[in-house]
Amino acid sequence: MFTIKCPYCGERDQSEFSNGGEAHVARPKDPEQISDREWSEYVFIRANPKGIYYERWVHTHGCKKWFNAVRNTSTDEILKVYKMGETPPPLKEFKDTIKTPSGEPDVGSGNFSVKKP
Amino acid sequence: MSENKIYFKFDGKKYAGNEGDTIAAALLRNNVKLIGRSFKYHRPRGIYTCGIEEPNALVQIINEHNEPNVRATVKKIYEGMVVKSQNRWPSLKTDLGSINNILSPIFSAGFYYKTFMGPKGFWKNVYEPLIRRTAGLGKPPKEFKSKSIHQHHNVDVIIVGGGLSGLLAARKFAGTNYDVLLVEREDTFGGILKNADKIKSINDQPADEWLEKTERLIRNSNNIKILKNTLVTTYNFSDHLIALEDKNVGKPQDNEKPELVLHKIRTKHTILANGHIERFITFRNNDLPGVMLAASFEKYLNRYGVVPDESPVIFTNNSSTFSLLKSLTDLGHKPKAYVDIRDQKNIEKQTLELLEKFNIPFYPKSEIEGCEGKKEVKKVSIRTKKNQITKIKTSMLCVSGGFNPDIHLFTQSKGLLKWDKDYLTFKPDRIFQKTITLGSVSGNFSYEKLLVEVEKKLSEFEGLNELEVKFEINGPEKFQIKELWETKHEKKSLWSKSFIDLQNDVTTKDLRQAVNEGFNRIEHLKRFTTNSMGTDQGKISSINALGIVSKILKKDISEVGTTTYRPPYSPVNFSAIAGRSTYEFYDPERKTPLHSWHVKQNAVFENVGQWKRPWYFKKSEDETMHQAVQREAEQVRKTAGILDGSTLGKIEIKGKDALTFVNLMYTNSFTKMKPKTGRYALMLGEDGMVKDDGIVCKINEQHFIVTTTTGNAASVLAHMEEYSQTEWPNLNVYMNSITEQFATFNLSGPKSRVIMSRVFNDIDFSNDQFPFMSFNNFKYLDTEIRILRASFTGELGYEIYVPPSYALKLWQKFFISSRDFDLVPYGTETMHLLRAEKGYIIVGQDTDGTVTPLDLHLNWMIGKKKKDFIGKRSLTRSDIVRENRKQLVGLVPVDKTLGIEEGQHVIEQKDLSLPIKDPVDMLGHVTSSYFSPNLNHSVAMALIRGGKRKIGSRLFVSTENLNTIAVEVVEPNFIDPKNERMML
Ligand SMILES: [Zn+2]
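Protein chains in written order, with numbering that gives the first Met the number 0: chain A, 0 to 116; chain B, 0 to 983.
Check the hints yourself; a few may be wrong.
[As the list claims (entries may be wrong)] With a Cα cut of at most 30 Å, we get these calculated DSS-like pairs of lysine-lysine:
no.: 1; chain 1: B; residue 1: Lys675; chain 2: B; residue 2: Lys146
no.: 2; chain 1: A; residue 1: Lys28; chain 2: B; residue 2: Lys385
no.: 3; chain 1: A; residue 1: Lys4; chain 2: B; residue 2: Lys611
no.: 4; chain 1: B; residue 1: Lys469; chain 2: B; residue 2: Lys325
no.: 5; chain 1: B; residue 1: Lys267; chain 2: A; residue 2: Lys82
no.: 6; chain 1: A; residue 1: Lys28; chain 2: B; residue 2: Lys653
no.: 7; chain 1: B; residue 1: Lys655; chain 2: A; residue 2: Lys63
no.: 8; chain 1: B; residue 1: Lys871; chain 2: A; residue 2: Lys64
no.: 9; chain 1: B; residue 1: Lys199; chain 2: A; residue 2: Lys94
no.: 10; chain 1: B; residue 1: Lys871; chain 2: B; residue 2: Lys675
no.: 11; chain 1: B; residue 1: Lys590; chain 2: B; residue 2: Lys199
no.: 12; chain 1: B; residue 1: Lys325; chain 2: A; residue 2: Lys63
no.: 13; chain 1: B; residue 1: Lys378; chain 2: B; residue 2: Lys344
no.: 14; chain 1: B; residue 1: Lys611; chain 2: B; residue 2: Lys808
Hints were generated in silico from the structure; no laboratory data involved.
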């Protein structure tokens with residue numbers, strides 16, 4: 000229910016985009032040289048934090064370009080978008096970003112509309 | 000008041016109302032009080048409120064597709080409207096379900112969870128049908144074609160609510176540079192100015208006059224858009240709101256125009272000025288028709304000119320009921336009694352003066368103990384300050400338990416609440432988004448402070464108008480209230496109940512029982528009792544429940560907390576959500592260039608993704624599907640058949656690094672492949688599982704055309720784009736979908752070479768000149784076509800790619816040129832049968848995302864010398880190379896007359912004697928099965944554990960009626976195992 004600023008087309012409705020999961024998970028350069036475990040971690044394991052998340056999006060119903068975004072998963076706020084290949088913004092850039100909606104704990108859903116004393 | 004009478008029907012009887020009346024207003028005008036029966040106990044219920052918060056008066060609008068659960072207090076009447084009461088049988092006055100009221104001990108809190116536990120089979124055959132008959136609300140609507148639409152807005156400011164506060168805010172913004180949307184849920188602005196007689200004058204003019212001027216000013220400003228009859232239902236994250244507009248208020252439905260508009264609003268700032276809701280007080284039989292909230296009663300007087308009762312009893316715990324007293328006495332009516340729980344010395348002098356002036360029986364420091372009556376209130380019992388019960392005859396009781404700021408939207412936006420100890424209510428505390436609350440929704444119940452509040456909270460905006468507003472107030476300025484959630488009541492008969500949730504029939508006794516049983520967290524308690532879970536979401540009662548629970552738990556109410564308010568604020572019609580995306584607009588239909596020909600040939604179509612594909616062709620009216628498919632499949636192997644393969648995905652890949660890229664995308668190696676040849680290729684996911692298959696055609700090292708399965712065309716292209724943009728952006732490669740640029744014919748059968756030579760008599764189709772898996776481009780008329788020699792049936796075959804506009808003529812030419820061979824058009828079912836005879840897989844039918852090329856014995860398709868391709872590394876993972884993975888095999892029934900069913904289990908044991916005590920070891924399942932007309936028995940494919948090693952053995956396949964069929968496990972290649980036919 001939010002908008003995303005495609006680095007190529009500008010701000011568009013979320014419904015035009017598809018999410019591509021965690022960003023900066025590089026495909027191993029030489030897959031044959033790594034262990035089953037290392038390879039499986041690349042294929043199957045992704046982070047799923049509550050809070051700041053670096054992820055990939057594609058403008059499916061638009062320019063079809065892939066790009067990166069930094070999103071706060073607990074508020075759905077897109078904090079930054081940048082093109083593929085560009086250096087990701089450091090985490091400290093978002094240290095003043097409110098982490099969770101009012102009243103919610105850092106982990107778990109919370110659902111508090113009255114602040115717990 | 001308008002003199003135009005409007006006639007409508009309620010439960011078959013004709014009534015007259017005035018223009019602008021809601022159903023409830025019109026029924027009250029006709030002195031009708033019994034409106035429906037309650038959810039669980041089938042108790043008689045009437046009209047409790049005068050607005051959207053109504054828990055009781057829900058009706059069914061018969062002439063609007065049987066629309067259920069319509070609030071009689073919101074829906075406006077029109078000529079010819081047909082309304083019915085709900086949840087009663089056989090009639091409203093004699094309702095057999097009310098026996099539930101006597102059986103109520105079994106319907107107490109958590110009864111769904113506790114009562115219907117057994118014996119086995121009782122839920123399905125006894126309990127569920129019984130509950131469905133007696134519990135519930137309206138009947139589902141009839142199917143209809145909605146014309147609802149969606150509309151999008153992008154504004155600087157949205158003002159929710161066109162009452163006094165909202166209008167003041169809009170007045171500030173009028174004519175400025177801000178783009179403003181003003182949304183009002185009723186058909187007129189004014190809110191409290193229209194509902195009650197609380198404000199005598201504004202700027203020394205009558206409130207109505209000020210309202211009219213203000214509306215004109217706002218309307219004439221060019222920066223404010225007004226939406227009336229529009230309810231904001233949702234306040235999402237990131238300043239996104241959703242509102243539902245009713246286009247047919249007070250009018251019958253128009254078959255040409257949209258009846259509902261769903262507005263999707265993006266804004267920079269949200270001003271909530273959506274007011275407050277009055278709450279009730281619980282006492283014995285507080286649900287009887289005739290009990291009504293005090294402010295609602297006053298709204299009927301002021302807004303609709305309806306006097307629900309000329310002499311009601313008024314019961315209050317706060318100062319707001321002064322204005323009801325004033326409105327009634329101004330009209331010359333005299334309340335039966337005024338019952339106030341507060342001490343006389345705490346009651347406002349204006350109220351006391353009125354009571355004295357009109358000599359109204361006055362009971363300070365007293366409360367309503369309960370009321371009596373069968374179908375409506377006849378008597379009320381007052382517990383006086385001396386703790387004595389006095390009974391008064393009356394037909395109506397007006398109740399005020401205080402006010403709740405309407406915080407629903409505010410909390411949806413994730414704003415935080417706090418408890419106001421003076422006003423005994425939750426009010427907004429901390430905002431989470433760019434939200435401003437104004438007026439009573441912010442917890443401000445003072446008109447004098449309103450102006451200061453508006454000025455202060457809007458000071459962040461630049462260039463707003465100056466406001467000059469002076470109010471003259473009727474009655475007490477300061478709101479004053481004393482805490483009371485439930486009155487003390489005497490133990491009466493089983494029929495006596497004290498309700499906390501009128502719509503879901505939850506009593507205060509249920510709350511106590513739930514807490515006793517350990518449900519002391521408010522979210523648990525809500526679900527266990529179903530309190531505030533009705534369509535009204537407990538708008539008049541949920542805070543009362545918190546009050547009662549906090550008393551039981553001996554906790555502060557803010558410690559108990561509220562339950563979560565979730566969108567929508569009020570039920571939204573599915574038709575509005577669906578908008579135009581229904582019926583023919585639900586999903587596009589894609590048709591091939593040959594579609595009209597197929598229709599003429601009596602094709603029966605199958606949906607494949609969005610495509611309409613011929614499934615089989617009916618040769619005569621009485622030919623069955625089985626007969627048609629057997630006929631088509633036989634003819635293909637006898638002479639030739641032709642399939643419309645236009646839906647096949649086609650992707651063109653170009654660029655300096657095209658070869659490298661194609662080598663990475665598919666398992667096969669394309670390096671040594673000669674130009675103008677094709678290769679059957681597999682695409683894997685990075686997990687090593689088969690994702691798609693197709694034919695890769697190499698035009699040269701920088702130019703490829705690949706085909707995909709019909710259903711995967713879009714996802715394969717997206718997969719390629721993803722890798723080219725994210726993993727290998729250094730590769731120079733471009734992809735383009737050319738699916739719709741070509742119609743594709745698949746000609747197949749021993750006579751196909753002859754037919755090809757007749758259709759294209761200047762092309763040499765000999766084995767030397769046109770070997771298997773080669774292709775070339777040819778001039779055809781004034782265009783170019785491509786012919787590929789390939790086969791998906793195991794027969795000699797050709798694929799012809801032709802621009803769509805030439806397709807139909809060329810297709811017809813095939814039939815004209817092959818009359819002596821009875822060339823047969825065949826559909827997808829025959830295609831599936833023919834490929835199964837050859838053991839060729841269908842991705843998605845014989846594979847399911849857990850199947851590797853090794854499981855399919857397609858090792859030969861893996862370019863082992865290639866350094867890398869997507870999924871390669873996974874093929875050597877320990878789990879992928881393990882011995883007993885499920886692998887593809889062929890199955891042939893031992894008794895050749897028997898058929899095998901797709902999806903059945905493959906097992907080792909012959910007998911499944913009933914009852915089955917021990918788990919049966921399942922080896923796998925049948926993925927494809929057909930009766931082969933060419934072999935005259937069934938052939939099947941199955942994925943079974945350790946399948947490769949089981950070839951040659953005998954296993955069993957379960958059947959629908961728990962028998963088994965003995966099968967031989969064979970290589971999945973049933974016909975022409977040496978592939979001689981396609982090399983013909
Ligand atoms: Zn874009």
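To see whether the hints hold, each was checked on the structure:
Between B:Lys675 and B:Lys146 the alpha-carbon distance is near 53 Å, which puts this suggested pair outside the 30 Å criterion. For the suggested pair A:Lys28 and B:Lys385, the alpha carbons sit about 89 Å apart, so the restraint of at most 30 Å is broken. Restraint check for A:Lys4 and B:Lys611: the C-alpha separation of about 37 Å exceeds 30 Å, so the hint is violated. Between B:Lys469 and B:Lys325, the direct Cα distance comes to roughly 22 Å. Compliance with the 30 Å bound is thereby established for this hinted pair.
Between B:Lys267 and A:Lys82 the CA atoms are separated by roughly 26 Å; this keeps the pair inside 30 Å, and the hint holds. At roughly 24 Å between alpha-carbon atoms, A:Lys28 and B:Lys653 fall within 30 Å of each other, so this suggested pair holds. With a C-alpha separation of about 21 Å, the suggested pairing of B:Lys655 with A:Lys63 holds against the 30 Å cut-off. Restraint check for B:Lys871 and A:Lys64: the C-alpha separation of about 26 Å stays at or below 30 Å, so the hint holds.
With a C-alpha separation of about 53 Å, the suggested pair B:Lys199 and A:Lys94 falls outside the 30 Å cut-off, and the hint is violated. Proposed proximity of B:Lys871 and B:Lys675 is supported: the alpha carbons are some 27 Å apart, at most 30 Å. With a C-alpha separation of about 69 Å, the suggested pair B:Lys590 and B:Lys199 falls outside the 30 Å cut-off, and the hint is violated. Under the criterion of a C-alpha separation no larger than 30 Å, the hint pairing B:Lys325 with A:Lys63 is inconsistent with the structure, at around 66 Å.
With a C-alpha separation of about 28 Å, the suggested pairing of B:Lys378 with B:Lys344 holds against the 30 Å cut-off. Straight-line distance between C-alpha atoms of B:Lys611 and B:Lys808 comes to about 20 Å, which keeps the hinted pair within the 30 Å bound.
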